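Undergrad: One line per chain: the protein sequences are A and B, in this order.
Just so you know, we're using the numbering used here here: the first sequence kicks off at 3 and counts up by one.
Just so you know, we're using the numbering used here here: the second sequence kicks off at 4 and counts up by one.
Source of the hints: derived by calculation from the structure; they are not laboratory data.
In this text, all values refer to a predicted model and were calculated from it rather than measured experimentally.
Don't take each hint at face value.
Straight-line alpha carbon distances no greater than 25 angstroms define the calculated DMTMM-like cross-link-like pairs of lysine to aspartate or glutamate that follow [what the hints assert, rightly or not]:
1. Lys148/B / Glu286/A
2. Lys11/B / Glu50/A
3. Lys148/B / Glu50/A
4. Lys148/B / Glu312/A
5. Lys18/B / Asp212/A
6. Lys18/B / Glu71/A
7. Lys148/B / Asp289/A
8. Lys14/B / Glu290/A
9. Lys18/B / Glu133/B
10. Lys11/B / Glu286/A
11. Lys11/B / Glu315/A
12. Lys148/B / Glu114/B
13. Lys252/A / Glu71/A
14. Lys18/B / Glu286/A
15. Lys18/B / Asp41/A
16. Lys14/B / Glu73/B
17. Lys49/B / Asp9/B
18. Lys148/B / Glu71/A
19. Lys14/B / Glu371/A
20. Lys98/B / Asp9/B
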Amino acid sequence: MNRYLAPHVASMPPSGIRKFFDLVATMKDVISLGVGEPDFVTPWTVRESGIFSLEQGQTMYTSNAGLFELRDELAHHLSITLGLSYNPLDEILITAGASEAVDLVMRAVLSPGDVVLVPNPSYVSYGPCATLSGATVHYIPTHAKEDFRLRVEDLTQAYTPKAKLLVLSYPNNPTGAIMSREDLLPIADFVAKHDLLVLADDIYSDLTYDGTHVSFASLPGMHDRTLFVSGFSKSYAMTGWRIGYVAGHKDLIAGLTKIHQYTMLCAPIMGQFAALEALRSASEARDEMVAAYDRRRRLMVHGFRQMGLECFEPLGAFYVFPDISKTNLTSEEFAEQLLKEELVAVVPGTAFGPSGEGHIRCSYAYSTEQLQEALKRIARFVQPRIS
Amino acid sequence: MLTEEDRKLLKLIEKDCRLTPEALSIQTGLMPEYIAQRVIEWEKEKVIVDYRPLINWDRTGDVSVSALIEVRVLPQRGYGFDKIAKRLQKYPEIKSLFLMSGGYDLALLIEGKSMQDVALFVAEKLAPLEHVQSTATHFVLRCYKQDGVELMGEEETLQRLVVSP
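Taking the hints into account, I'd like the entire structure generated from these sequences.
TA: Below is the structure:
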C-alpha cells in the first residue's frame, strides 16, 4: 500500500530513536538511559487541579488560542522569569505540546524551496517538520570543543540567501549545551542582517544549572523576529498532558492559529487547567526537581570522566553526551554492543544528526541508584576497549 | 545565615545521611574536605542532631501503640510553659513534644507496647504532675505518612517508554 503514501512521506527516514526503541523493546532487564522525559510524577497539586477540572465538568473545547487565564498567567510568568513581553490576547497560542508548536511554526512560515538552518546535533523533529513543509534543512555542525554552541562563523558558512528560518534550541537536547547572552548577541546581529526568523525552542529553559537562561527573544530587536516555543513537559514533569505554547508577533501567531484551528482546534482542556495550576503553585516542586537533576548531572559527568572518556559538562536539560570515540566504535556500534553485553540502553548520537557521531546520549532522568548501576556497567564495557 | 550551597547540602544529608563526603562532593561540586568540616561544625552546633533511619514498624509485625495526647497546663510565672516542657521531655515514652496554639497547650506523641502501657503512663506519670490541668488521649490507629514519607499504598510506578526523543 506504500503507493498511496505521498512521496515525501514515503522517503522520510524513520526516527533513529524509534529504530533503537524497537531493539530495546525485545530485551528484558535493561537499564535504560534512553528516556527523554522526567522520572518525576507531575506534582500532586497540579494533578489535583486536573482532576478538579473534570469534577467541575470542564470537558469542552477551549478557544483556539487556549484558556485566557492560562495565557494571561503565562504572559506574567514569561515577563518575570525571562524578561519577555507578550500580550496574552493575541501573542500567545497554547498548543498540544511544544512539538505541535514546532510543527505549526514550520508550516506557517516555510514554503517549498525555503531553507531552514538547524544547529546539529539537535532534537529529532526539526528536520522532518521542515521537510513536510517542502523546505530544505541545512544542518550546522556544533562541536564539543566549542561547548556545542552555535558560532556565528559556522552559521555564516551554512547560510544561503534562501534561508528563512533559524532554529535555536538551548538548553540543547541531546548535548545539554546552553548559550549565554554573549554567545547569542552575534547570532542576533546575523539574524537581523539577513532578515531571518528564529524558532527558539526553549522547552528546557527551566532546567539550567549555571545561572538563569537567556532567551533569544529577549535580545534587542529580536522580539518580533522570534517565535518562542516552550511547554510544561520538562519543567513540571507533565509530558503526557501535552501542553505547550508559542509566543511571538501577533501577525505570526494569527498565522499559526489558523493552522491550529483547522487541525488541533485546541489543546486538551484538562491539561490547560493543570498547566495554570503549575504556574501558580508548583515552582517549589519544579525547583526541587531541578536540584535533583543537577546532582545527577554531576554524578554522570564524574562517572564518564572516571572511565577515561571525555565528557562535555552539560549546563542544561537532563542529558550527558560523552565522547566515545576512544573506544574505536561508532555511536551505533557502541550503543548496540553495550545493550547486548551489559543491558544498558543509551541512544547513539547519530540519532540526532550526523554531528552526533562519536557520542552517545545518556539521560539522567533516573534515580541515583539506577545511574550508579548503569555507570558501573558502562565502565565495565568501556575499560577493555580503551586500555 | 545559611548559604544556598549549605542549605542544599543539609537538605541532601537530611534526605540520605548515609552519603559520604565524597559522594556528596560528586553531587554538589563542593570539596569533600569542606563538606566533612561543615558536617562536624553542624554536629557541634546541634544543627545536625542525630542520624537515624525511618522505620515502618507496622511492616515488622511488632505490635506497638502510639497516642497523641493533648495536655492543658498552668503556665508558671517567669517560665511560661518551658519548665514543665523541660521536665516532660525527659520521659523516654514521649517521642515528640510540641507547644501548641489553640484549645490546649502541649501536644505529646507517646509510644508504648500496649494501650495499657500508654494509659498507665498518662494516669500515673503525666496527669498527676503539678501544673497539669487535664489530658485528652487520642490513640493512633494507623500511620499513613511520616516525616514526608508516604508509608501506605502502592508506590507510583512510572510507565515510561524505554527510549524516547
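Undergrad: Work down the list of hints and note, for each, if the structure agrees.
TA: Hint-by-hint comparison with the structure:
Of the supplied pair hints, the one linking lysine 148/B and glutamate 286/A holds, its CA atoms being roughly 20 angstroms apart against a limit of 25 angstroms. In summary, the hint linking lysine 11/B to glutamate 50/A is not supported, as the alpha carbons are separated by about 28 angstroms, beyond the 25 angstroms threshold. Distance check on the hinted pair: lysine 148/B and glutamate 50/A sit about 19 angstroms apart at the alpha-carbon level, within 25 angstroms; holds. Note on lysine 148/B and glutamate 312/A: the hinted pairing is violated, with a Cα-Cα distance of about 44 angstroms set against a maximum of 25 angstroms.
A hinted pair counts as satisfied when its Cα atoms are at most 25 angstroms apart, and lysine 18/B with aspartate 212/A qualifies at roughly 24 angstroms. Using a Cα cut-off of 25 angstroms, the hinted pair lysine 18/B and glutamate 71/A is violated, with the two alpha carbons roughly 37 angstroms apart. With a C-alpha separation of about 23 angstroms, the suggested pairing of lysine 148/B with aspartate 289/A holds against the 25 angstroms cut-off. Restraint check: the Cα-Cα separation between lysine 14/B and glutamate 290/A comes to about 10 angstroms, which is no more than 25 angstroms; the hinted pair holds.
Proximity of lysine 18/B to glutamate 133/B is assessed by CA-CA distance (about 40 angstroms); at most 25 angstroms being required, the pair is judged violated. Distance restraint check for lysine 11/B and glutamate 286/A: the Cα-Cα separation of roughly 14 angstroms lies within the 25 angstroms cut-off, and the hinted pair is therefore satisfied. Restraint check for lysine 11/B and glutamate 315/A: satisfied, since their Cα atoms lie roughly 21 angstroms apart, inside the 25 angstroms limit. Under the criterion of a C-alpha separation no larger than 25 angstroms, the hint pairing lysine 148/B with glutamate 114/B is consistent with the structure, at around 17 angstroms.
Restraint check for lysine 252/A and glutamate 71/A: the C-alpha separation of about 18 angstroms stays at or below 25 angstroms, so the hint holds. The suggested pairing of lysine 18/B with glutamate 286/A holds, with an alpha-carbon distance near 17 angstroms, which does not exceed 25 angstroms. Between lysine 18/B and aspartate 41/A the CA atoms are separated by roughly 18 angstroms; this keeps the pair inside 25 angstroms, and the hint holds. The suggested pairing of lysine 14/B with glutamate 73/B is violated, with an alpha-carbon distance near 31 angstroms, which exceeds 25 angstroms.
Note on lysine 49/B and aspartate 9/B: the hinted pairing holds, with a Cα-Cα distance of about 15 angstroms set against a maximum of 25 angstroms. Pair hint lysine 148/B plus glutamate 71/A does not hold up; C-alpha atoms about 35 angstroms apart against a cutoff of 25 angstroms. At most 25 angstroms may separate the alpha-carbon atoms for a hinted pair to count; lysine 14/B and glutamate 371/A meet this at roughly 18 angstroms. Distance restraint check for lysine 98/B and aspartate 9/B: the Cα-Cα separation of roughly 29 angstroms exceeds the 25 angstroms cut-off, and the hinted pair is therefore not satisfied.
Comparing the model with each earlier hint shows violations of hints 2, 4, 6, 9, 16, 18, 20; every other hint is respected.
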